[in-house]
Amino acid sequence: MAAISAFPPSVPAPVPAPAGLTRDQLLELYYYMLLTRTLEERLVALYRQAKVYGGLFRSLGQEADAVGSAYALDRARGDVLSPLIRNLGSMLVHGTEPVEILRQYLAKGDSLTRGRELNIHIGDVARGFIGQISHLGDMVPVMAGVTLSFKLRKQPRVGLVYVGDGATSTGAFHEGLNFAAVQRCPLVVVVENNGYAYSTPTARQTAAKSFVDKAAGYGVAGARADGNDVLAVYEIAKAAVDRAREGGGVTLIELITYRRKGHAEHDNQSYVPPGEIERWAAENDPVDRYVARLTGPLGIGRAELSAVEARVRDEIDRATDLAEQSPPPDLADALVGVYADPPAAPLLWYRRGLRG
Amino acid sequence: MAAISAFPPSVPAPVPAPAGLTRDQLLELYYYMLLTRTLEERLVALYRQAKVYGGLFRSLGQEADAVGSAYALDRARGDVLSPLIRNLGSMLVHGTEPVEILRQYLAKGDSLTRGRELNIHIGDVARGFIGQISHLGDMVPVMAGVTLSFKLRKQPRVGLVYVGDGATSTGAFHEGLNFAAVQRCPLVVVVENNGYAYSTPTARQTAAKSFVDKAAGYGVAGARADGNDVLAVYEIAKAAVDRAREGGGVTLIELITYRRKGHAEHDNQSYVPPGEIERWAAENDPVDRYVARLTGPLGIGRAELSAVEARVRDEIDRATDLAEQSPPPDLADALVGVYADPPAAPLLWYRRGLRG
Amino acid sequence: MAETTYLEAIRDGLAEEMERDPSVFCLGEDIGVYGGAFKVTDGLLGRFGPDRVIDTPISETGFVGAAAGAAHMGLRPVCEMQFIDFISCAYSILTNYVATARYRAFLPCPMVVRGPSGGYVRGGPFHSQNPEAAFLHTPGLKIVYPATPADAKGLLKAAIRDDDCVLFFEHKYLYRRVRGNVPPGDWVVPIGRARLAREGTDLSIITYAATVWRALEAAEQLEREDGLSVEVLDLRSLLPLDDEAIVATVKKTNRVLLVHEDTATGGIAGEITARINELVFEWLDAPVRRVAAHDVPLPAAPALEDFVLPQTGDIVAAARWLAAY
Amino acid sequence: MAETTYLEAIRDGLAEEMERDPSVFCLGEDIGVYGGAFKVTDGLLGRFGPDRVIDTPISETGFVGAAAGAAHMGLRPVCEMQFIDFISCAYSILTNYVATARYRAFLPCPMVVRGPSGGYVRGGPFHSQNPEAAFLHTPGLKIVYPATPADAKGLLKAAIRDDDCVLFFEHKYLYRRVRGNVPPGDWVVPIGRARLAREGTDLSIITYAATVWRALEAAEQLEREDGLSVEVLDLRSLLPLDDEAIVATVKKTNRVLLVHEDTATGGIAGEITARINELVFEWLDAPVRRVAAHDVPLPAAPALEDFVLPQTGDIVAAARWLAAY
Ligand SMILES: Cc1ncc(C[n+]2csc(CCOP(=O)(O)OP(=O)(O)O)c2C)c(N)n1
Ligand SMILES: Cc1ncc(C[n+]2csc(CCOP(=O)(O)OP(=O)(O)O)c2C)c(N)n1
Ligand SMILES: [Mg+2]
Ligand SMILES: [Mg+2]
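Chains as they are written, first to last, in this note's numbering: chain A, 1 to 356; chain B, 1 to 356; chain C, 1 to 325; chain D, 1 to 325.
Keep in mind that a hint or two might mislead.
Taking lysine-lysine and the BS3-like style, the derived pairs with C-alpha atoms no more than 25 Å apart in a straight line are [what the hints assert, rightly or not]:
id, chain 1, residue 1, chain 2, residue 2
1, A, K209, B, K261
2, A, K261, C, K39
3, D, K252, D, K157
4, B, K154, B, K238
5, B, K151, A, K209
6, D, K157, B, K261
7, C, K157, C, K39
8, A, K238, A, K151
9, B, K151, B, K209
10, A, K238, A, K154
11, B, K261, A, K151
12, A, K261, A, K51
13, B, K51, B, K209
Please keep in mind that the hints were generated in silico from the structure rather than gathered at the bench.
Because the structure is a prediction, the values reported are computed rather than measured.
Given the sequences, and given the hints that come with them, work out the whole structure.
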């Protein structure tokens, strides 16, 4: 997590807070939720300027679910995160820098994928997050194997993988979860139930009353929380991470949230019942709810929140300037690194002499 | 089901019996269980004479589960059955003739697959059973589609598909069951928990306490029965079939049974704990249990059972003679019928003139 | 005769077949209310109702298998892959269950699996694939991949009427970029016949899908700048291949350039080269050569994608080499 | 140097690598207690324990994906498909996730997927498959398919040490039928190099796996009966292919017969024909021809299987035609 020193020095002495979090940590959660939302807003601006390549996927209204769950991991201990397209917040918590996200969306040569992949299909195994692919469900067996390696090597490390309500319908989800359950891998599987898979409502995705009902069928622990309450999410995720670390195996967590934007920017959400989005925005925005809680019962002053807001704005402005200056990908790189050996694919015959 | 007239004419007037079955039906269940067991014994004899091609899969000790469940279907109403390798009994109940099974195992040209496929990978859609393939799980989505067609056409027909404890781990099982559940297809999914998948005990296949625990995760009805009690199996299957026919959707049934023989004849079962097989054979043989019940509380005389036994022996002897006389497949048939159009694949260039 | 886009032609073909034959129905992800990721099925739900335009869970094996089961019972399902890249998730059930159904069990399995395919759209490695080669060694399947609105409509109608499983690949780059006349009435294009897209005498380019248009561009440039007369054969059907048309063009020009968007290694140009060797080796005045994608996963950044995929300039360069051979 | 069967050679290679490198482990169905459907992993559980020989649920996508995840973390998993026919169930995760891991995300993914492949054993359509062609257009994968005990051991060791995913196809017909000497010590055969199985000057047969032995039989018969000197090149590695060795044999004999057990249409003979056209067209005195399986699912009955698959007599007939050309 970001260095605490980044906060104003004059922070009052920590007071005990919910979920065993310090006052600084409570503010840090706010920082990441806001960073996620603001960064996505910046990306939308760039998208409208046609600077973004590929689809732009929003997590508006889901920031608490992403941030709160990833916050339960311990990067210092080598925990590994497997994010999906709605998990920008999780990635930021786990150490991805805003400038890396921007470079990626702008398809820059110095992005984490060097322009090879789109949106947040990025990873850095050294920093403990694994790049996703489009094919839904695949990351579950992959993370079963990541965490199997922890078990085989007796490392006290934990993995966390997300699946959408829609992705639970894939065979890969089933095979991966079952494998991890049988092997008692230290894995937390978070089902983000945001009501829709593209245009498909949850009721057409499964006949189950809730996704947590699947836990018993795999013989794993199950838990469910309000995905828009960042502290509730953190608590439930932390318990699952601790259980995994102690050898208790897999936990299937269902987080109830709502996808307020379309599947991607192009989607006009014509299929959503009128008023539904507005209701969630007005009554159940995770940032608003958390601000109310911070400034209310948790007794954090508005000034401190403003400081966080200023920091976020400033960081994203600087990151954007930096990212825009990045160079485009280098053509010579296009054929490099499919295999360790050979180091590059051959240039095709009619290009020799012509280019490259 | 086989014509009742095949039974001795002097049968006493039917008396009310369990599961709403007539006396003749109770005897018919015995007939099919015995037919299954005896036919498999005949196949073993032929296998030892090296007349059988491919593996020989036994259902010894599972006859009640296969026969009792398939007996719940109504062929006259066009119900469709999807059997697996342990479901010889189901196929016989659903109308497959012993001679057809023998021809298939002997790879004869007039077998239902004309020598193209092995063991009981056979079907006849006209008679309401669908030929399985080796890839486990696939028959579940296929039967979801078969029964979806019943629903779309408003036909009062039902489908029944089997999966082994091992096959429940496949993605195809998951995707097919979920699809059928969402569509409320008139489908009964029978999980035959016989303790092993090849050499793998159920505990290494799933961490779930029981397979019926999966039902809630799909939002379908779940039921569980002693798979070696043919009447209990019939009752639970009949209830599920009726529910499906009335528009109640999918039922997931778990039948507890035990695979007394190896995965196939070649398997020496070295991995089975000593005494386990013997215990099941001595204490929980489905035929023995049913005979005791028939001759005890159900008051059926030994003579009547002997008549059935004689009939079975006789039918199988005649079927064997018939099958052995069948011709081998015709070479010219090898290239026929991959597509409706073209009718046959071309003979390769170096064979023209040489053969065919 | 009004001009239609490639996408509209597909939608029209689908709607006409659903109109004509009540046993035809569609299933796939987000094809109903939303009308599909590319709006190919837009309006069909309203027209034909939820029993004939079924939104499925995210389960390619599930709904392809379900389609097969329904097909056994006499229906004619049309499955949409949201992107053809996800047909890989149904690879086993398609190649093992569906493809063999008739041969091993005499089960009718008339069904179509269709979806947006191909690159040149900055879609990256998982939204740009050309899977045809992976299915080419699977007897029991048919494969078509049209390049024009007329073929898109005519081949889709033929695919739906075919009594076996047809993989119908639609090139997403062409969806809205290509318009053309579609003959009126019940327009059906038989599966298994190639289309002569351009007549020529000096050299033949054999290709299909999006690269047909690049080949035509190249042909014009070669005529303009080099006075070369280039013939372009649009295969349209990849399984079965139209050997007659391939033989005819080779006999006519004696020089063949194979062009496709799939990777060079393992792409179907290999199969075509083998057939040319077998059928008309003596007629070749030059080696059969390939223009295809470089052997890497397709990168997303525009400059990289353009570098990896075959471009008009590549076809021109290769054709000049062949002509000069 | 004792003679070893093809199967023992694989087991030895596996055991030696597990001995040498603690990061190597095996996973698959029934490979532990039971030792695998063909007993390839027999004894490994006792020797290396349950953490390194893992019996999995019936989930090819599950354990192949798990292997990839473990490989990212520095382990070297070896997955067994009980029959290679079931690799189709992991087709998506292999071609999309595993094959692209290094290119799209710089993720190391050193793993092997191995299993009993091929026909001539009356296994029917689902226990006799040769899936190599389906993976040939997937950059990021490597494919090997040995024909001898020495190559089986040496290539398996190379595959396990390779830093990318290698598909290791084992021909089940050869498991116990072929014995041979395996060089002692740490015997490793580099991936990507073909093996000259027989020297000759009149004609080249290029093949791999079980048909190598049929080709050798045919070569002897042709020498005996026709006085023909036939060279046999065993490819061993299918991705990457050994272009140098292919070029060398074509330049030497100027006549090429490609033989494989997979179907003619879509089999990898097409790719090889294309490469020969590109690299040594001028050296051909006759068309490159194929001997392969007929284009049907493989039937189980002995007479039918023998009819559909390429036999020694077919190779002889085709070679005579080529030699007389
Ligand atoms: C196997 C597969 N099939 C289809 C798709 C196309 N697709 C991409 S995202 C998506 C919807 C995902 O919904 P959900 O899992 O609920 O995640 P959310 O977008 O709601 O976060 C679909 C169908 C895919 N990526 N993978
Ligand atoms: C997808 C797939 N993987 C592996 C196999 C190999 N295989 C055939 S039967 C079998 C065990 C099946 O066990 P179960 O489902 O419990 O059925 P049972 O034999 O006990 O009736 C296995 C692993 C297969 N047929 N399909
Ligand atoms: Mg969702
Ligand atoms: Mg079992």
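Quick rundown of the hints versus the structure:
1. Between K209 (chain A) and K261 (chain B), the direct Cα distance comes to roughly 40 Å. Violation of the 25 Å bound is thereby established for this hinted pair.
2. Of the supplied pair hints, the one linking K261 (chain A) and K39 (chain C) holds, its CA atoms being roughly 19 Å apart against a limit of 25 Å.
3. A hinted pair counts as satisfied when its Cα atoms are at most 25 Å apart, and K252 (chain D) with K157 (chain D) does not qualify at roughly 32 Å.
4. Of the pairs offered as hints, the one joining K154 (chain B) and K238 (chain B) holds, with about 20 Å between alpha carbons and a cut-off of 25 Å not exceeded.
5. Only pairs whose Cα atoms come within 25 Å are accepted, and K151 (chain B) paired with K209 (chain A) is accepted, the gap being roughly 23 Å.
6. Distance check on the hinted pair: K157 (chain D) and K261 (chain B) sit about 37 Å apart at the alpha-carbon level, beyond 25 Å; violated.
7. Restraint check: the Cα-Cα separation between K157 (chain C) and K39 (chain C) comes to about 19 Å, which is no more than 25 Å; the hinted pair holds.
8. Between K238 (chain A) and K151 (chain A) the alpha-carbon distance is near 19 Å, which keeps this suggested pair within the 25 Å criterion.
9. For the given pair, K151 (chain B) sits about 33 Å from K209 (chain B) by alpha-carbon distance, which is inconsistent with the 25 Å threshold.
10. With a C-alpha separation of about 20 Å, the suggested pair K238 (chain A) and K154 (chain A) falls inside the 25 Å cut-off, and the hint holds.
11. Proximity of K261 (chain B) to K151 (chain A) is assessed by CA-CA distance (about 35 Å); at most 25 Å being required, the pair is judged violated.
12. With a C-alpha separation of about 20 Å, the suggested pairing of K261 (chain A) with K51 (chain A) holds against the 25 Å cut-off.
13. Under the criterion of a C-alpha separation no larger than 25 Å, the hint pairing K51 (chain B) with K209 (chain B) is inconsistent with the structure, at around 42 Å.
This entry does not satisfy hints 1, 3, 6, 9, 11 and 13, going by the numbered hints stated previously.
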